[in-house]
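My request is simple: use the sequences and hints to build the entire structure.
4 protein chains.
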Amino acid sequence: MQRRLMTSSMNNLDKLVAYFEKFPGIGARQARRFAFHVLTLPPAEIEELARLITSLPETVKECERCHRFFATSQSGMLCGICSDYNRDHTKLMIVERDNDILPIERSGVYDGLYFVLGGTVPLLENKENNKLRGAALKSTVTHTLSEDLTEITLAFVVNPDGDNTARYVELLLKEILTDTKVTITRLGRGLSTGSELEYADADTIKNAFINRG
Amino acid sequence: MQRRLMTSSMNNLDKLVAYFEKFPGIGARQARRFAFHVLTLPPAEIEELARLITSLPETVKECERCHRFFATSQSGMLCGICSDYNRDHTKLMIVERDNDILPIERSGVYDGLYFVLGGTVPLLENKENNKLRGAALKSTVTHTLSEDLTEITLAFVVNPDGDNTARYVELLLKEILTDTKVTITRLGRGLSTGSELEYADADTIKNAFINRG
Amino acid sequence: MQRRLMTSSMNNLDKLVAYFEKFPGIGARQARRFAFHVLTLPPAEIEELARLITSLPETVKECERCHRFFATSQSGMLCGICSDYNRDHTKLMIVERDNDILPIERSGVYDGLYFVLGGTVPLLENKENNKLRGAALKSTVTHTLSEDLTEITLAFVVNPDGDNTARYVELLLKEILTDTKVTITRLGRGLSTGSELEYADADTIKNAFINRG
Amino acid sequence: MQRRLMTSSMNNLDKLVAYFEKFPGIGARQARRFAFHVLTLPPAEIEELARLITSLPETVKECERCHRFFATSQSGMLCGICSDYNRDHTKLMIVERDNDILPIERSGVYDGLYFVLGGTVPLLENKENNKLRGAALKSTVTHTLSEDLTEITLAFVVNPDGDNTARYVELLLKEILTDTKVTITRLGRGLSTGSELEYADADTIKNAFINRG
Chain A
7 MQRRLMTSSM NNLDKLVAYF EKFPGIGARQ ARRFAFHVLT LPPAEIEELA RLITSLPETV
67 KECERCHRFF ATSQSGMLCG ICSDYNRDHT KLMIVERDND ILPIERSGVY DGLYFVLGGT
127 VPLLENKENN KLRGAALKST VTHTLSEDLT EITLAFVVNP DGDNTARYVE LLLKEILTDT
187 KVTITRLGRG LSTGSELEYA DADTIKNAFI NRG
Chain B
7 MQRRLMTSSM NNLDKLVAYF EKFPGIGARQ ARRFAFHVLT LPPAEIEELA RLITSLPETV
67 KECERCHRFF ATSQSGMLCG ICSDYNRDHT KLMIVERDND ILPIERSGVY DGLYFVLGGT
127 VPLLENKENN KLRGAALKST VTHTLSEDLT EITLAFVVNP DGDNTARYVE LLLKEILTDT
187 KVTITRLGRG LSTGSELEYA DADTIKNAFI NRG
Chain C
7 MQRRLMTSSM NNLDKLVAYF EKFPGIGARQ ARRFAFHVLT LPPAEIEELA RLITSLPETV
67 KECERCHRFF ATSQSGMLCG ICSDYNRDHT KLMIVERDND ILPIERSGVY DGLYFVLGGT
127 VPLLENKENN KLRGAALKST VTHTLSEDLT EITLAFVVNP DGDNTARYVE LLLKEILTDT
187 KVTITRLGRG LSTGSELEYA DADTIKNAFI NRG
Chain D
7 MQRRLMTSSM NNLDKLVAYF EKFPGIGARQ ARRFAFHVLT LPPAEIEELA RLITSLPETV
67 KECERCHRFF ATSQSGMLCG ICSDYNRDHT KLMIVERDND ILPIERSGVY DGLYFVLGGT
127 VPLLENKENN KLRGAALKST VTHTLSEDLT EITLAFVVNP DGDNTARYVE LLLKEILTDT
187 KVTITRLGRG LSTGSELEYA DADTIKNAFI NRG
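Line by line, the protein sequences are chains A, B, C and D. Sequential numbering from 7 applies to the first sequence in this note's numbering. Sequential numbering from 7 applies to the second sequence in this note's numbering. Sequential numbering from 7 applies to the third sequence in this note's numbering. Sequential numbering from 7 applies to the fourth sequence in this note's numbering.
These are calculated hints, taken from the structure and not from any lab test. All the given hints hold, so there is nothing to weed out.
Straight-line C-alpha distance at most 25 Å; calculated DMTMM-like pairs for lysine to aspartate or glutamate:
#1 B:Lys212 to C:Asp90
#2 C:Lys212 to B:Asp167
#3 B:Lys137 to C:Glu204
#4 C:Lys67 to D:Asp20
#5 A:Lys212 to A:Glu202
#6 D:Lys212 to A:Asp154
#7 D:Lys212 to A:Glu111
#8 A:Lys28 to A:Glu53
#9 D:Lys212 to A:Glu157
#10 A:Lys21 to B:Glu54
#11 B:Lys21 to A:Glu54
#12 B:Lys97 to C:Asp207
#13 C:Lys212 to B:Glu176
#14 A:Lys97 to D:Glu202
#15 C:Lys21 to D:Glu111
#16 A:Lys97 to D:Glu204
#17 C:Lys137 to C:Glu68
#18 C:Lys21 to D:Glu70
#19 A:Lys187 to A:Asp94
#20 D:Lys21 to C:Glu111
#21 D:Lys28 to C:Glu64
#22 A:Lys97 to A:Asp185
#23 C:Lys97 to C:Glu176
#24 C:Lys67 to D:Glu54
#25 C:Lys67 to D:Glu53
#26 D:Lys21 to C:Glu64
Reference listing, derived: stretches of chain B covered by chain A, where coverage requires no fewer than 3 residues with Cβ under 8 Å from a Cβ of chain A:
#27 41-55
#28 58-66
Beta carbons are placed, not taken as given, at the ideal position from N, Cα and C, and that holds for glycine.
Structure below.
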């Protein structure tokens, strides 16, 4: 006895579930639970959730200089970091994604500016992808920061794609950084918190030994 | 050098992230990614997502008889299962949650009606919780189904809370099922797909042996 | 600077590590740790460990009837279960491996005898493998147990290979069980401890519904 | 029907299983499988395994200088690394365990000598434990290596216990390294292979930034 599923007529519920399924990391079952969760919210909260989603594009601007998202409650076209005169404008750190910035800020170790590249250059396809902000990076470095800049730090994931992205960015920066004294650095490699020698890979041990001190 | 985080002014973005953090199974980091995901959607999709959320309470009704959610595009106050005359109205299966129904329907083994209890009765707090639909169950069994009903199957999670819920429902049904010939059954227990004897717990082995055939 | 590893001369240590690497589930690193662990034992314990290993074949006999291993401190050629007159000699349970018996004994639900088949018949190679004790099973059932036997329970893993093994054993038993009243049963299937309906596969739900009661 | 387990008489098998259960990382079930695995070995291999275990203490010596284990097939009281004149005797690396050395050798980055400390000094108990070779370390550094030594690298796990051990060893070395020009270094910290900024902890990000280059 195989019966037709009873969901054929659930148009709007199914549509919402389909949206939730496209959320990063969410499968069909959890998407359905999200919809049931929304159903349990008080009407006022459902309204506010929808309003916050609708207004998100106006709520959030992309910073003209570093291209991270920031709340439009701030005036101007620059985010809170780019417009903060107390930060060190001689340093620029290039990261892949918006989400990389928060942990660096939390560590309290870095006081300079950022640039969100928007992606990596995978090792096997050595051309710029559309979302990558290569041209914007050149423009920011050339026109906005050129006077003061002394160091650009590349902060990408430690794997072949991250290394390839670093090489790509270095080539791109060399085109525009002629005759300047900007140093290009990469984040240091070595043992990270919790690392045990017995389980460390050869590259990590090499880097840990080279960077000993 | 410990710096204040730069998020203090991101009011509406933070509010949205806070909503996403309350979605079942979602932490702070993934909630933030959800917001960035929404930002990448075309404006028309952002509008539709918000509209689907707003309209969810009107989109979905709770079935008067079995209390599962169903799309209001169906007319009437009964869901597609309760209003389907081809289903076997002599059988009722009581489940904890709406989400339990879909896998049972997919298995194709069951052709009867359902009742969504709305929760379990945890072993250590032997009183009915507010969300539990004990009174509604009595009403559905007494007034809506009483004529034809021959079997009620209890389908709860296999753990002490599920067993306690089954006992609770049995007591509740016995108050109203005097002088009728309704059988109360529970789903069978034993080895489930992939079970290996070597790793099976004693209860599962006991049930598998008792239910051998 | 790539250097030759310094292990070339560690002959006996390496040989021991190689033995430990063949232990079920053990990799190179853990095998090496085993050797270092043995080195930390007091000399008397190292001696005893070696002695226990040497004497293992004499320590342990394979039961003539059920083919499980048992300690030779017991007299006779039958294991403690096969020679226990208080057990129910009308029941036989056929399992794949020696290790399957302990959890069944621990569950306390079964009081009969066992037979260790020695493996499964994988679905894709429908011939008996060498380690499988098909002939021994026939012999045990025909000559040793035939008078009293009333039930044979097949207790294999719940997957296609286990099912195929059950079919193989049934065919084999039918050749010798003509004109007798021995029932062949299989362990019951359904929800096992901890099973939640929402995550259960269709087969498990089917079996749980069919075996309800 | 709860029956007594049938294992009471399996003395020697149980004893062997008990030995295997004390092997690092091994539970009751796997220990039992080890015994069954040994039973499947040809008699000659069982004999060799037992012989290798018995002879392990004579097979393996502890190096007088670095205290790692090495095969006694080498003549002399020094291991192959300590007695290798092609290695750089101006460098000493102090590790916690014997097993830490193999991955460092495999990385090919280090050409000096080692010292196996034998453990860590947990943060909450600031006294030397018995297995720690503090006195032996002093002796090795003072009497054996003092002439040439220019650098001692501390290579401990990256956690509070490892850091505490490094402080302990530094204090201990300072007592004997007065008026010499030996540098004490620690392995570098930063992003390790596979590290993503988004998931990195604050300490790792700090170290990665400080060690950028």
